[in-house]
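Modelling step: build the complete structure from the supplied sequences, incorporating the hints.
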Amino acid sequence: MSIDDKHGKFNGKELEYLSGFLDSESDSNEKPWVQQLEESVSNSIGSKYAVACNSGTSGLHMAMYACGIGPGDEVITPGLTVVMDAYAVIHMGATPIFVDVERSTYGISVEEIKKNITDKTKAIITVSLQGLSVDMDPILELAKEKGIVVIDDSAQNILGEYKGRVAGTLADMSVFSFENKKHITSGSEGGMLLTDIEEYAVRARKFGGIGYKHMTASAGRTSLALSDVQDPDYERFDTIGLNYRMSEASAAVGLAQFERIGDIVGRRIAVAKMFSEAVAGCNWIAPQYEPEGYKNSHYTFSFEYKGLDMLGISWKEFYQMYVDMGGDGFYSACVVPYLEPVFQNNENYNKVYTKGMCPIAEDLQKKIMQFKTNYRSLSIAQKKADILEALIDKLGRIK
Amino acid sequence: MTNVYNPFGKFNGKELEYVTRALDSETKENREFPWVQRFEENFADKVGSKYAIAVNSGTSGLHAALYAAGVGAGDEVIQPATTVVMDAYVTCHLGAVPVFVDIDSRSWNIDARKIKNQK
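First to last, the protein sequences are chains A and B. Residue numbering for the first sequence follows numbering that gives the first Met the number 0, beginning at 0 and increasing consecutively. Residue numbering for the second sequence follows numbering that gives the first Met the number 0, beginning at 0 and increasing consecutively.
Derived by calculation from the structure, the hints in this document are not laboratory data. All of these numbers come straight from a predicted model, not from anything done at the bench. Among the clues, some could well be false.
Stated by the list, open to error - Cut-off 27 Å, straight-line C-alpha distance, at most; resulting in silico cross-link-like pairs (BS3-like, lysine-lysine):
{"id": "1", "chain 1": "A", "residue 1": "LYS371", "chain 2": "A", "residue 2": "LYS180"}
{"id": "2", "chain 1": "A", "residue 1": "LYS365", "chain 2": "A", "residue 2": "LYS272"}
{"id": "3", "chain 1": "A", "residue 1": "LYS315", "chain 2": "A", "residue 2": "LYS382"}
{"id": "4", "chain 1": "A", "residue 1": "LYS354", "chain 2": "A", "residue 2": "LYS113"}
{"id": "5", "chain 1": "A", "residue 1": "LYS12", "chain 2": "B", "residue 2": "LYS27"}
{"id": "6", "chain 1": "A", "residue 1": "LYS212", "chain 2": "A", "residue 2": "LYS30"}
{"id": "7", "chain 1": "A", "residue 1": "LYS315", "chain 2": "A", "residue 2": "LYS181"}
{"id": "8", "chain 1": "A", "residue 1": "LYS272", "chain 2": "A", "residue 2": "LYS382"}
{"id": "9", "chain 1": "A", "residue 1": "LYS315", "chain 2": "A", "residue 2": "LYS398"}
{"id": "10", "chain 1": "A", "residue 1": "LYS371", "chain 2": "B", "residue 2": "LYS27"}
{"id": "11", "chain 1": "B", "residue 1": "LYS27", "chain 2": "A", "residue 2": "LYS180"}
{"id": "12", "chain 1": "B", "residue 1": "LYS13", "chain 2": "A", "residue 2": "LYS12"}
{"id": "13", "chain 1": "A", "residue 1": "LYS382", "chain 2": "A", "residue 2": "LYS371"}
{"id": "14", "chain 1": "A", "residue 1": "LYS315", "chain 2": "A", "residue 2": "LYS180"}
{"id": "15", "chain 1": "B", "residue 1": "LYS27", "chain 2": "A", "residue 2": "LYS382"}
{"id": "16", "chain 1": "A", "residue 1": "LYS354", "chain 2": "A", "residue 2": "LYS365"}
{"id": "17", "chain 1": "A", "residue 1": "LYS181", "chain 2": "B", "residue 2": "LYS27"}
{"id": "18", "chain 1": "A", "residue 1": "LYS365", "chain 2": "A", "residue 2": "LYS294"}
{"id": "19", "chain 1": "B", "residue 1": "LYS13", "chain 2": "A", "residue 2": "LYS30"}
{"id": "20", "chain 1": "A", "residue 1": "LYS162", "chain 2": "A", "residue 2": "LYS294"}
{"id": "21", "chain 1": "A", "residue 1": "LYS350", "chain 2": "A", "residue 2": "LYS114"}
{"id": "22", "chain 1": "A", "residue 1": "LYS371", "chain 2": "A", "residue 2": "LYS393"}
{"id": "23", "chain 1": "A", "residue 1": "LYS12", "chain 2": "B", "residue 2": "LYS9"}
{"id": "24", "chain 1": "A", "residue 1": "LYS30", "chain 2": "B", "residue 2": "LYS9"}
{"id": "25", "chain 1": "A", "residue 1": "LYS398", "chain 2": "A", "residue 2": "LYS365"}
{"id": "26", "chain 1": "A", "residue 1": "LYS162", "chain 2": "A", "residue 2": "LYS114"}
{"id": "27", "chain 1": "A", "residue 1": "LYS181", "chain 2": "A", "residue 2": "LYS47"}
As the list claims (entries may be wrong) - To be clear about the criterion: a stretch of chain B counts as covered by chain A if any three or more of its residues have a C-beta under 8 Å from a C-beta of chain A, and this derived list gives those stretches:
{"id": "28", "region": "15 to 22"}
{"id": "29", "region": "55 to 63"}
Backbone N, C-alpha and C fix where the C-beta goes; we use that ideal spot for every residue, glycine too.
Below you can see the structure in the form of structure tokens.
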């Protein structure tokens, strides 16, 4: 059984597992697929607990609940990221505090965190942009000293490494995304929260699992004898949760993808290397810096484009030139969260967010170019990298 | 393609066929016509509603519905006493207060007369 196109996204055991799931009366469904995926991820990544959910955003929301974030609290989050980190904070009634980033790595700046910590700070959300971990050790040290929880938004980073540790194990809690464009996907949506702390795992699972009181940190201990439940006096719920559970069908796809995670991430890194070589030596392109001891899992290959200042060619003009030569469309970084309409046109928030709060993030955001690395044919990827190289040479590699 | 395994199974219609097509990620149909959209359009047509929005659970749908209706802090939301907790959960998540109203003893559904009597 296989999928027709060998370059398709789901060319592992996805169909086999999904067929097994659909065969509802068979032994293949004895052990829940969600539990299999959770156990596989926690064993392989090396975290004590893994809680599957329906998206990375849901995982962040669960994490916020797990560590007790509530009204009046402040949560530090980077100025360069997408809005969902702040959404999770807002939904708990807390206030996101946006902090500037390091220009070379795009990671949240420890010095800026220090300046923004107050008595109300309860958590720091770090974001591993494009597959590169942030400099976590000084943040963990600071957090420990202040009694603050650290949550790593690892939506774009799986199998990336930081000083010998692997993404998903760097902070108190970490969240992966299995959305459609991520390294691996559980169909088209999905996520996973990882932690070594039992209390967080229990609280996260209950919050994302509509508050069933018998839920535990590990998967698979959630079934009760029917005779216990089939009782009018049986009380089920002790947490005001939401339903963020991953579906079984989704987990079956996710498991087949996760089994090939090494190959899938390896291919992204190989594609990133092609693009990296294409831009090498160009003085108006500064690739995201990968410090010694880090391994970028390359959700994308990205760089800061300085062509507007140095060549007089805008971001959009460069984009069009590349596409005209046969390149694929590439992405920009998201508008910094606090300048999105959702934070500019809403009077309900506790804080006013203004332009200039994170100058590096605001400047970088306009210049970043993100090239996809999920080509499933390396020869096509090489062609695209060659086109980028030719365009750079045409414009002049050194200015 | 393997067909239905067990005629008494839960998914013995076109589930496997559709899933197999959905997994064939490079096809035209998958690029151009999302399955979620198909499900929504079919559902809306079948039940006769103008719009249908697929979500990941009934609880999520209730949450989205209360948000859509503008329910917020300080509001009250009336709901039946005999139901599961999720109706109340989503009310609480929006900062509103669930007001439980008793049921009609024959239908077990919320009693319209008792709703009127709520102050």
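For each hint, the structure was consulted:
no. : hint                  : verdict
1   : A/LYS371 <-> A/LYS180 : holds (9 Å)
2   : A/LYS365 <-> A/LYS272 : holds (24 Å)
3   : A/LYS315 <-> A/LYS382 : holds (21 Å)
4   : A/LYS354 <-> A/LYS113 : holds (21 Å)
5   : A/LYS12 <-> B/LYS27   : holds (22 Å)
6   : A/LYS212 <-> A/LYS30  : holds (21 Å)
7   : A/LYS315 <-> A/LYS181 : holds (25 Å)
8   : A/LYS272 <-> A/LYS382 : holds (13 Å)
9   : A/LYS315 <-> A/LYS398 : holds (20 Å)
10  : A/LYS371 <-> B/LYS27  : holds (21 Å)
11  : B/LYS27 <-> A/LYS180  : holds (18 Å)
12  : B/LYS13 <-> A/LYS12   : holds (20 Å)
13  : A/LYS382 <-> A/LYS371 : holds (13 Å)
14  : A/LYS315 <-> A/LYS180 : holds (23 Å)
15  : B/LYS27 <-> A/LYS382  : holds (23 Å)
16  : A/LYS354 <-> A/LYS365 : holds (14 Å)
17  : A/LYS181 <-> B/LYS27  : holds (21 Å)
18  : A/LYS365 <-> A/LYS294 : holds (25 Å)
19  : B/LYS13 <-> A/LYS30   : holds (24 Å)
20  : A/LYS162 <-> A/LYS294 : holds (9 Å)
21  : A/LYS350 <-> A/LYS114 : holds (17 Å)
22  : A/LYS371 <-> A/LYS393 : holds (22 Å)
23  : A/LYS12 <-> B/LYS9    : holds (22 Å)
24  : A/LYS30 <-> B/LYS9    : holds (17 Å)
25  : A/LYS398 <-> A/LYS365 : holds (21 Å)
26  : A/LYS162 <-> A/LYS114 : holds (26 Å)
27  : A/LYS181 <-> A/LYS47  : holds (23 Å)
28  : 15 to 22              : holds (count 4)
29  : 55 to 63              : holds (count 6)
The structure fails none of the hints (numbered hints given earlier).
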